[in-house]
Amino acid sequence: MSSAPIITVDRLGKAYTLGHTVDRHATFRDALMNMAKAPIERWRHRFAPPESRSDAFWAVKDISFDVQRGEVMGLVGRNGAGKSTLLKLLSRITEPSEGRARLRGRVASLLEVGTGFHPELTGRENIFMNGAILGMKRTEIKRKFDQIVGFAEIDEFLDTPVKHYSSGMYVRLAFAVAAHLEPEILIVDEVLAVGDASFQKKCLGKMKDVASGEGRTVLFVSHNMQAVSTLTQRCVLLNRGRMLNVGPTSDVINEYLRLVGGTSQDQVYTAAPLADKPKITRVELMTSEPGNVQMNGKPMEVHIELNTPLPIDGARISFHACNTMQEPILYFWCHDTEHPMARQPGVYHLVCQIPKVRLFMGDYTLRVHLKEKAGGREFEVLEGVCPFEVVMYGRDREGGWFKNTCTYLEDGQWQVSKVS
Amino acid sequence: MLNGQASLSEPVVPALCEVVYNLRCDMSASVTNVTVADSPAPSVSDNLPETVHETIIEPTTGWMGLNWRELIASRELLYFLIWRDLKVRYKQAILGVGWVVVQPVLNMILFTVIFGSAAGLNSRLKGHENQYSVFVFVALLPWQLFATALNSGGMSLVNQQNMLKKIYFPRLFVPTAAVGGALVDLSIAFVIVLILAVFKGLTFTPLIFWLPALLLLTLMHALGAAYLLSALTVRYRDFRFLIPFISQVMMYVSFVAFPPSLVGNTKWKWLLLFNPMYGVVASWRKCLLGFPDSLSGFDVRYLASAIIGGALLLLVGVYVFRRTERNFVDIA
Numbered sequence: 007m008s009s010a011p012i013i014t015v016d017r018l019g020k021a022y023t024l025g026h027t028v029d030r031h032a033t034f035r036d037a038l039m040n041m042a043k044a045p046i047e048r049w050r051h052r053f054a055p056p057e058s059r060s061d062a063f064w065a066v067k068d069i070s071f072d073v074q075r076g077e078v079m080g081l082v083g084r085n086g087a088g089k090s091t092l093l094k095l096l097s098r099i100t101e102p103s104e105g106r107a108r109l110r111g112r113v114a115s116l117l118e119v120g121t122g123f124h125p126e127l128t129g130r131e132n133i134f135m136n137g138a139i140l141g142m143k144r145t146e147i148k149r150k151f152d153q154i155v156g157f158a159e160i161d162e163f164l165d166t167p168v169k170h171y172s173s174g175m176y177v178r179l180a181f182a183v184a185a186h187l188e189p190e191i192l193i194v195d196e197v198l199a200v201g202d203a204s205f206q207k208k209c210l211g212k213m214k215d216v217a218s219g220e221g222r223t224v225l226f227v228s229h230n231m232q233a234v235s236t237l238t239q240r241c242v243l244l245n246r247g248r249m250l251n252v253g254p255t256s257d258v259i260n261e262y263l264r265l266v267g268g269t270s271q272d273q274v275y276t277a278a279p280l281a282d283k284p285k286i287t288r289v290e291l292m293t294s295e296p297g298n299v300q301m302n303g304k305p306m307e308v309h310i311e312l313n314t315p316l317p318i319d320g321a322r323i324s325f326h327a328c329n330t331m332q333e334p335i336l337y338f339w340c341h342d343t344e345h346p347m348a349r350q351p352g353v354y355h356l357v358c359q360i361p362k363v364r365l366f367m368g369d370y371t372l373r374v375h376l377k378e379k380a381g382g383r384e385f386e387v388l389e390g391v392c393p394f395e396v397v398m399y400g401r402d403r404e405g406g407w408f409k410n411t412c413t414y415l416e417d418g419q420w421q422v423s424k425v426s
Numbered sequence: 003m004l005n006g007q008a009s010l011s012e013p014v015v016p017a018l019c020e021v022v023y024n025l026r027c028d029m030s031a032s033v034t035n036v037t038v039a040d041s042p043a044p045s046v047s048d049n050l051p052e053t054v055h056e057t058i059i060e061p062t063t064g065w066m067g068l069n070w071r072e073l074i075a076s077r078e079l080l081y082f083l084i085w086r087d088l089k090v091r092y093k094q095a096i097l098g099v100g101w102v103v104v105q106p107v108l109n110m111i112l113f114t115v116i117f118g119s120a121a122g123l124n125s126r127l128k129g130h131e132n133q134y135s136v137f138v139f140v141a142l143l144p145w146q147l148f149a150t151a152l153n154s155g156g157m158s159l160v161n162q163q164n165m166l167k168k169i170y171f172p173r174l175f176v177p178t179a180a181v182g183g184a185l186v187d188l189s190i191a192f193v194i195v196l197i198l199a200v201f202k203g204l205t206f207t208p209l210i211f212w213l214p215a216l217l218l219l220t221l222m223h224a225l226g227a228a229y230l231l232s233a234l235t236v237r238y239r240d241f242r243f244l245i246p247f248i249s250q251v252m253m254y255v256s257f258v259a260f261p262p263s264l265v266g267n268t269k270w271k272w273l274l275l276f277n278p279m280y281g282v283v284a285s286w287r288k289c290l291l292g293f294p295d296s297l298s299g300f301d302v303r304y305l306a307s308a309i310i311g312g313a314l315l316l317l318v319g320v321y322v323f324r325r326t327e328r329n330f331v332d333i334a
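Chains as they are written, first to last, in the numbering used here: chain X, 7 to 426; chain S, 3 to 334.
Simulated from the structure, these hints should not be mistaken for lab results.
Cut-off 27 Å, straight-line C-alpha distance, at most; resulting in silico cross-link-like pairs (DSSO-like, lysine-lysine):
hint	chain 1	residue 1	chain 2	residue 2
1	S	K93	X	K148
2	X	K169	S	K93
3	S	K271	S	K128
Small disclaimer: the values here were computed from a predicted structure and weren't measured.
Required output: the full structure, derived from the provided sequences and hints.
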């Protein structure tokens with residue numbers, strides 16, 4: 007095993023040409039002149055390499071990083087950051103305009119499952135076709151054929167054209183072939199994740215079986231920080247085609263969240279005060295990570311600002327943390343009886359410290375209530391404010407985390423003893 | 003085709019996490035756990051990198067030669083592509099593979115009725131009267147190959163662009179497979195020609211041994227045209243409409259139905275030197291039928307034109323193809 011990096015990317019860049027820039031013709035004569043010159047000009051324009059043209063657009067530029075053998079490297083960035091372009095370059099689907107990349111080992115890229123499947127061909131035929139396209143030898147496919155079929159659970163439909171398959175069967179078969187690939191470098195896009203839950207678990211087991219100790223190198227693209235953090239040790243962060251950072255996943259994710267967070271305005275709730283009625287003028291979250299992302303198990307603060315032009319009798323402020331189904335999961339309250347407030351007109355600032363957020367990973371919002379004493383008026387209910395995401399990537403668990411496993415994660419201590 | 007994005011549903015991502023997570027776990031495991039179940043002779047060597055593949059990705063400039071090593075290494079894929087084309091072509095047809103036989107026979111009958119009987123060419127084949135059906139069938143062999151190369155080969159890249167945008171493999175195989183499929187048709191039609199020839203009382207001459215060389219020459223034309231047109235079609239979709247027209251014109255100027263010498267009009271025949279395909283068609287007639295040159299329309303100069311023209315077409319075809327291949331995905 008050599009110590010040289012298995013993937014070396016050196017100042018890789020790719021330019022595209024945007025649509026032809028429209029020249030404004032000053033006069034009719036200019037237009038005519040241009041038309042006469044056009045054939046040659048247009049020809050020249052057409053065949054000029056995109057990078058040399060004035061309207062060149064660099065989808066990615068100056069990308070440099072190394073990937074070590076056996077490493078799982080993540081590629082993160084917002085939409086349009088250039089992730090797909092970079093994947094295409096490294097999969098050799100398109101050629102770079104500049105720079106260089108060196109891949110030492112058999113490469114398989116899975117930007118889609120079932121590439122080359124033909125609806126008219128039977129399952130059996132498609133296994134061979136797809137395998138060949140993915141770079142498997144016929145003997146290799148033959149050897150694994152039974153495993154693939156058994157894996158996809160399509161035995162009885164093996165000789166049926168795949169156009170008659172249900173979409174689930176189709177995807178299972180496509181994935182089965184991909185799962186039996188044994189490259190040294192695997193380039194995976196998110197779209198690989200398909201199928202129903204039980205089938206997925208099977209895929210995972212399979213991948214585990216075939217991955218040998220030689221160290222399969224994986225280059226993995228995702229929008230999902232949860233996935234990225236679970237899988238990768240290092241990440242490349244792209245933004246507008248440039249590389250912002252390459253380094254340990256946690257650092258890169260923080261930077262990514264800051265990048266994403268910087269653009270969203272609705273993370274903080276604000277409202278103008280009213281002259282005749284108490285009003286919540288600000289709700290803000292202090293999450294453990296930037297961009298309203300909260301790590302499970304870490305502290306969080308909720309800041310609420312109350313503006314009242316008149317005294318409130320027994321003011322009560324409370325809030326729920328609700329999941330995406332708007333089901334309340336957590337409840338916090340602050341009553342005048344315990345923390346005197348709003349007995350005179352003015353602005354009040356409330357801070358709720360949550361020492362350990364135990365919410366399970368997922369998306370949540372707050373529902374904030376402002377009321378009088380029990381049985382009194384309800385001044386205000388704010389629904390769906392301060393959306394935040396709970397992530398688990400700080401917490402390691404064998405097998406990773408699955409969404410919707412539960413809603414709440416309590417600490418617990420186990421004791422195991424052998425009784426017989 | 004499977005739409006990847008549509009399948010990106012919510013519960014999916016954590017599962018993917020687990021895939022890669024498990025991969026990561028295994029990287030620290032020992033090498034020895036590679037076992038191939040149910041396989042009598044587990045070839046462990048498949049799991050070990052026999053040679054270190056190295057791929058360099060960088061912009062290419064100027065004339066790029068063919069990557070022969072890569073083409074040879076993945077030749078199986080070419081067979082699979084040809085095989086798929088053949089499989090798919092006759093699916094859901096009552097006659098099925100029968101069309102391979104029926105198509106050329108129908109063509110031959112059509113030509114025989116129009117040119118042989120109605121236009122009276124049968125009687126002009128001095129000494130070979132009533133053999134016009136074989137005569138035209140022989141010319142149709144190379145012509146059909148070439149025509150398929152123009153039509154299917156020309157559209158092949160555009161038709162397969164979805165696949166080409168998702169995965170890399172030697173793209174040259176796509177138009178090559180189209181020609182490969184036509185080659186299979188040709189071999190079947192060839193058998194029919196032989197049967198028909200025997201039935202019509204033709205005797206073969208030793209010239210028939212030149213056939214393999216002639217087949218190569220025909221392939222050179224077909225491949226060259228397929229590479230050139232498939233690449234051009236990617237860039238200029240005009241060719242989608244131009245190709246049927248080109249193919250029609252080529253058929254007339256290649257004199258598939260009869261050589262100009264047969265109808266006695268020889269004033270413009272020097273122009274034929276500029277159509278290498280004519281040389282190919284005439285050579286097939288000469289080679290398979292053994293007719294005198296006045297009937298087959300053969301001339302060594304036409305053959306020379308066919309060889310030079312074919313070589314040029316192939317060179318230009320590969321060149322244009324390779325130039326287009328670089329940015330194929332971006333312009334398709």
